[in-house]
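S.K.: Below are the chains, spelled out letter by letter.
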Amino acid sequence: MGQDSGWSKRTLLLVIVFISCVTIFPWLGPPVYFISFAFNVFIYITLATSWNIIGGYTGYLSFGHVAFFGIGAYAAAIFGMWFGLSPALNILASIPAGLVSMLLAILVGYPCLRLRGPYFAVITLCFAFVTELTIRNLDFLGGADGLWLKGLALPIEVSRSIFFELMLVLTLVTLFVANRIEKSKFGSGLRAIKEDEEVAQTMAINTPKLKITAFAISAFFPGVAGGLYACYLTYIHPDIVFDVNVSILIVLMALFGGGAFWFGPLVGATILTFVNEGLSTFVKAEYARIIYGCLFIIVIIFMPNGILEFAKTRMVKKPAKFEAAVK
Amino acid sequence: MNLVLVFQSLISGIMMGAVYALLGIGFSLTWGVMKVINVSHATFGLIAAFVAYTLFKVFGMDPVASLAVTLPSLFGLGCLVYWFLINPITRAKAVIVSSMILTFGIAIILENLILLVWGADPRLLTTSYTNKVFAIGPLYFQYPRVLGFLMAVVGVTAIQLFLKRTLTGKAVRAAWQQSEASQLCGINLKKISMITFGLAVASAGAGGVGMAMLYSFEPHSHNLWLIYLFLVVIVGGVGNILGAAAGGMLIGVITGLSMAFLPYQWINVLTFGLLMLILIFRPHGLFRSEV
Amino acid sequence: MTSRRKGFITMSGKLLGTILMVLLMCWTVNAAEKPIVIGGSLPLTGQFAETGQWIERGMKFWAKETNEKGGLLGRPVEFKIYDDESNVNKAVTYAEKAITVDKVDLLFGGYPGTAARAVMPVVEKHKFVYVSMGGHMKSFEQGYTYSFGGPPLMGEWWYEGFFQWLETVPADQRPKRAAVYTMNNPIGASLTESIIIWTKKLGIEIAIDEKYNLPLPDATPLIVKAKQMDCDLLCSNGVFADGVMTIRAAKALGYNPKAIVQGIGSVVPAWSKELGPDGDYVFSGTSLHDKLKFPGNDKLNAFVKKEYQIDGYPMYFGFGYVWMQTLSQGVEGAKSLDQTKIRDWLKSNKVDTIAGPMKFTDKGIPDPINFCTQVINGHAELIWPPEVRTANPVYPKPAWK
Numbered sequence: 001m002g003q004d005s006g007w008s009k010r011t012l013l014l015v016i017v018f019i020s021c022v023t024i025f026p027w028l029g030p031p032v033y034f035i036s037f038a039f040n041v042f043i044y045i046t047l048a049t050s051w052n053i054i055g056g057y058t059g060y061l062s063f064g065h066v067a068f069f070g071i072g073a074y075a076a077a078i079f080g081m082w083f084g085l086s087p088a089l090n091i092l093a094s095i096p097a098g099l100v101s102m103l104l105a106i107l108v109g110y111p112c113l114r115l116r117g118p119y120f121a122v123i124t125l126c127f128a129f130v131t132e133l134t135i136r137n138l139d140f141l142g143g144a145d146g147l148w149l150k151g152l153a154l155p156i157e158v159s160r161s162i163f164f165e166l167m168l169v170l171t172l173v174t175l176f177v178a179n180r181i182e183k184s185k186f187g188s189g190l191r192a193i194k195e196d197e198e199v200a201q202t203m204a205i206n207t208p209k210l211k212i213t214a215f216a217i218s219a220f221f222p223g224v225a226g227g228l229y230a231c232y233l234t235y236i237h238p239d240i241v242f243d244v245n246v247s248i249l250i251v252l253m254a255l256f257g258g259g260a261f262w263f264g265p266l267v268g269a270t271i272l273t274f275v276n277e278g279l280s281t282f283v284k285a286e287y288a289r290i291i292y293g294c295l296f297i298i299v300i301i302f303m304p305n306g307i308l309e310f311a312k313t314r315m316v317k318k319p320a321k322f323e324a325a326v327k
Numbered sequence: 001m002n003l004v005l006v007f008q009s010l011i012s013g014i015m016m017g018a019v020y021a022l023l024g025i026g027f028s029l030t031w032g033v034m035k036v037i038n039v040s041h042a043t044f045g046l047i048a049a050f051v052a053y054t055l056f057k058v059f060g061m062d063p064v065a066s067l068a069v070t071l072p073s074l075f076g077l078g079c080l081v082y083w084f085l086i087n088p089i090t091r092a093k094a095v096i097v098s099s100m101i102l103t104f105g106i107a108i109i110l111e112n113l114i115l116l117v118w119g120a121d122p123r124l125l126t127t128s129y130t131n132k133v134f135a136i137g138p139l140y141f142q143y144p145r146v147l148g149f150l151m152a153v154v155g156v157t158a159i160q161l162f163l164k165r166t167l168t169g170k171a172v173r174a175a176w177q178q179s180e181a182s183q184l185c186g187i188n189l190k191k192i193s194m195i196t197f198g199l200a201v202a203s204a205g206a207g208g209v210g211m212a213m214l215y216s217f218e219p220h221s222h223n224l225w226l227i228y229l230f231l232v233v234i235v236g237g238v239g240n241i242l243g244a245a246a247g248g249m250l251i252g253v254i255t256g257l258s259m260a261f262l263p264y265q266w267i268n269v270l271t272f273g274l275l276m277l278i279l280i281f282r283p284h285g286l287f288r289s290e291v
Numbered sequence: 001m002t003s004r005r006k007g008f009i010t011m012s013g014k015l016l017g018t019i020l021m022v023l024l025m026c027w028t029v030n031a032a033e034k035p036i037v038i039g040g041s042l043p044l045t046g047q048f049a050e051t052g053q054w055i056e057r058g059m060k061f062w063a064k065e066t067n068e069k070g071g072l073l074g075r076p077v078e079f080k081i082y083d084d085e086s087n088v089n090k091a092v093t094y095a096e097k098a099i100t101v102d103k104v105d106l107l108f109g110g111y112p113g114t115a116a117r118a119v120m121p122v123v124e125k126h127k128f129v130y131v132s133m134g135g136h137m138k139s140f141e142q143g144y145t146y147s148f149g150g151p152p153l154m155g156e157w158w159y160e161g162f163f164q165w166l167e168t169v170p171a172d173q174r175p176k177r178a179a180v181y182t183m184n185n186p187i188g189a190s191l192t193e194s195i196i197i198w199t200k201k202l203g204i205e206i207a208i209d210e211k212y213n214l215p216l217p218d219a220t221p222l223i224v225k226a227k228q229m230d231c232d233l234l235c236s237n238g239v240f241a242d243g244v245m246t247i248r249a250a251k252a253l254g255y256n257p258k259a260i261v262q263g264i265g266s267v268v269p270a271w272s273k274e275l276g277p278d279g280d281y282v283f284s285g286t287s288l289h290d291k292l293k294f295p296g297n298d299k300l301n302a303f304v305k306k307e308y309q310i311d312g313y314p315m316y317f318g319f320g321y322v323w324m325q326t327l328s329q330g331v332e333g334a335k336s337l338d339q340t341k342i343r344d345w346l347k348s349n350k351v352d353t354i355a356g357p358m359k360f361t362d363k364g365i366p367d368p369i370n371f372c373t374q375v376i377n378g379h380a381e382l383i384w385p386p387e388v389r390t391a392n393p394v395y396p397k398p399a400w401k
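Protein chains in written order, with the numbering used here: chain X, 1 to 327; chain F, 1 to 291; chain S, 1 to 401.
Hints are computed from structural coordinates only; laboratory data are not their basis. Certain hints may be false.
[Stated by the list, open to error] Keeping only pairs whose Cα atoms sit at most 25 angstroms apart, straight-line, the calculated DSS-like set for lysine-lysine is:
1) F:K132 with S:K138
2) X:K194 with F:K132
3) S:K401 with F:K57
4) F:K57 with S:K305
5) X:K284 with S:K64
6) F:K132 with S:K64
7) S:K401 with X:K150
[To be verified] Non-contacting residues of chain S with respect to chain X, defined by C-beta distances greater than 10 angstroms in every case (computed):
8) Y82
9) E85
10) N87
11) Q142
12) F303
13) L337
Here the structure is a predicted model, which is why all the values come from computation and not from measurement. Each residue gets a CB set at the ideal place from its N, CA and C atoms; glycine is no exception.
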């Protein structure tokens, strides 16, 4: 993240220190659960951030993004099975698995991205159902029984830490790409589409190409994450990796944080995962869910455009008021 | 070809689709007219189903008669929800998105309230006529399905008449087609919206009871019903009441026919695949949008 | 002065000594009574909430009973139960949380099969004994050593009892053609196996073999087809929602097969409660049953009667109880909370449970269980094997009323 990202040296230093702290965390010997929990947080950040590239920047709400995660998981598992890969090599297969997701996104995106608004949301949701059901119905893909993978023959602390680091790298790369896109000409093109697609077209922006590129990028990272997840869990099933609730949750996370910013999904995913975890730990099951539901209502009523937008307007307004007070 | 199977599947599919439509009209109305996607729509229907179940078990009240209690209460509840929760967000940049998040929260709350009040056990409405049938030739008509079908016909007609014939209904349409002009004419947008929303929620109640006659239901059933809602509304065209009705039946026909011809495990793939094709080639629904 | 001072010193010395003594005593007593914590997660909300809540009740009854008897290894037992919201991923992380953060002494089994399938490799890595329903036969063939189905909910064995009984029916009275409708998930896939083997053996032709994805939109076409093909055996391998639809459609269309076999839809109390007499005469399997004569079942029945006004405990209540029973016998047998010792004890000894005595194989499962049940007058009665029979089977099924 160079000079042109507009970050002061101090922020940059802070970020580097923070990332290093996170990196060494699993090697300090914390309970394995915290490593797994962080791994899950990273997955959600990756999913929400990559969703945001199409959903937040362009305003095309994809409600079937879990499909790319699931396809990645299945692709990695099947590569491992067909080529008889060792567990370590199977992890590497996550990258081609991401490419499979990306390819599918291009194929599906081509007709689907002509639709707008809620219609696009519904067609992506349908796409997720169709992929899930197809895999469930095809016995050579594991069918209704799911697929087992070989796990790393390492102590659990070590293998969990390895997956932690890999997912951390993926998350950072995703965030970096999202940041680059936001600051680039490509990003302003995407935002122009969100503002008004017709106007963007008249401004000689090749909107179909832009949209499909954004969609493909936003499908790649979930695919890789899916592959890693399959190797981490060592058992995958359509119920697990195509869970429609995940699709909805990542949309909520991104919008909750603020879809216009590259780190909005990061904020949203982190807060929601931690809050949910805290509620499940300390509050009785049904009440925990009710409080969780109230959270969405409160946030959306008081911060209809996400937490970051709310924070930004507050931060901008406050100095203004302060100046007025001084005068 | 097996004609009896085809026709029996068709009949049962159409009646099932009519109930989906009844559940879907309110959803279509708030989405098309107010740009509010009410994800908790099916949850309100589920509440009506649970209330109908309890009234039937405790007082022996017929599920259809119980609508006399549930519909006004749901209308009131809908009005309250609109006034205090939905109205504040109508000023947001993207109402559709914010309304989805907001109502998602409402759905979670309601689902878990149902879980607290009624428990997690699955329920089934078994009335005296549940298993009654009448036959025309080799074809059977099941009473609860016929009843659901009739309820759907009444519900759709009522909403359509309300929008087209009553002063309030006309105001609803006018208010959302040209909000500024209609406000000049003295139409109170907030009040009108509240009534529309209340009405939509009440219609969900009728749909919920209809669904309860066909299927067993549990506190989480609304997630499933929601998928049918999206199907019906998209096929019919958002905001198009008659379209939603036709959309519901069409889905029933597709399901019925594919059950007669295809291996069952591919039915849902076909339904969702067809829906994708409809969306790609007729992005505004099969039927021209109005309202 | 000095004597007073001396007195003061001795006094305070004695006082200090007493305090130390008391503290020490408290500490030792505390150590002796520090509860054994048993952790894990169950689906308490969401899709599988009903089953999850019954398992929780069964487990809690076991804890109550154990604590009244003086606890496990002389220590009281206590649960730490997380709600995984019917989400498999959460079930896995909560199992790890219980093991590594809460540092629980024992782990309890979760639900459903997909969750167990995902948790089993994890507990293997953590070397924790996991007594649960398992994820059907395939999950026990992955070479795990710490997982036990005690007893398992094994789709592959589910209909064994039914077919063994059917074999005793004179050949000319047996059904000739079967319609098999199966939900497309791990349970369904496991259920079909025994049907295929046994129908072949008994010379029953499978006229229809169809899978469907949940939710089943409509059961009418299924029944029309079965009726047209003259199938006199209906295997409806489903759960509650699709099971009740099939029954209703069969009644509405006047379809009267000789026998209806139902997957796991009819094992929940809601089946008879909601369907009433229409739910009668349906065959199914089970791994444990409230009318088995093994000691303990009567206590469970009495508790359920008092607490929930139900005659005969629901199957998942029994599962919640029996898994804890198996685990606790392993603990008491090993006389330790060392997981590997518990595992080794369980692998080489016999446990006595409400589901009967069990001896585990290397895979962690007992010998195949072949109980067959039939719902008669609103209650699931045991039909097979003959030594446990509580009612004579009603066959062929009477026509719908």
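S.K.: For every hint, state whether the structure bears it out.
M.R.: These are the hints, each one checked on the structure:
1. F:K132 with S:K138: Since the Cα atoms of K132 (chain F) and K138 (chain S) sit roughly 43 angstroms apart, the hinted pair is violated (cutoff 25 angstroms).
2. X:K194 with F:K132: 55 angstroms, violated
3. S:K401 with F:K57: Answer holds: K401 (chain S) to K57 (chain F) is near 22 angstroms, not above 25 angstroms.
4. F:K57 with S:K305: 21 angstroms, holds
5. X:K284 with S:K64: Answer holds: K284 (chain X) to K64 (chain S) is near 20 angstroms, not above 25 angstroms.
6. F:K132 with S:K64: Roughly 47 angstroms separates the two Cα atoms, so the pair is violated.
7. S:K401 with X:K150: Measuring from Cα to Cα gives roughly 54 angstroms; hence the hint is violated.
8. Y82: 6 angstroms, violated
9. E85: With a cut-off of 10 angstroms, E85 (chain S) comes too close to chain X, as the shortest Cβ separation is near 8 angstroms.
10. N87: 7 angstroms, violated
11. Q142: 6 angstroms, violated
12. F303: 22 angstroms, holds
13. L337: 18 angstroms, holds
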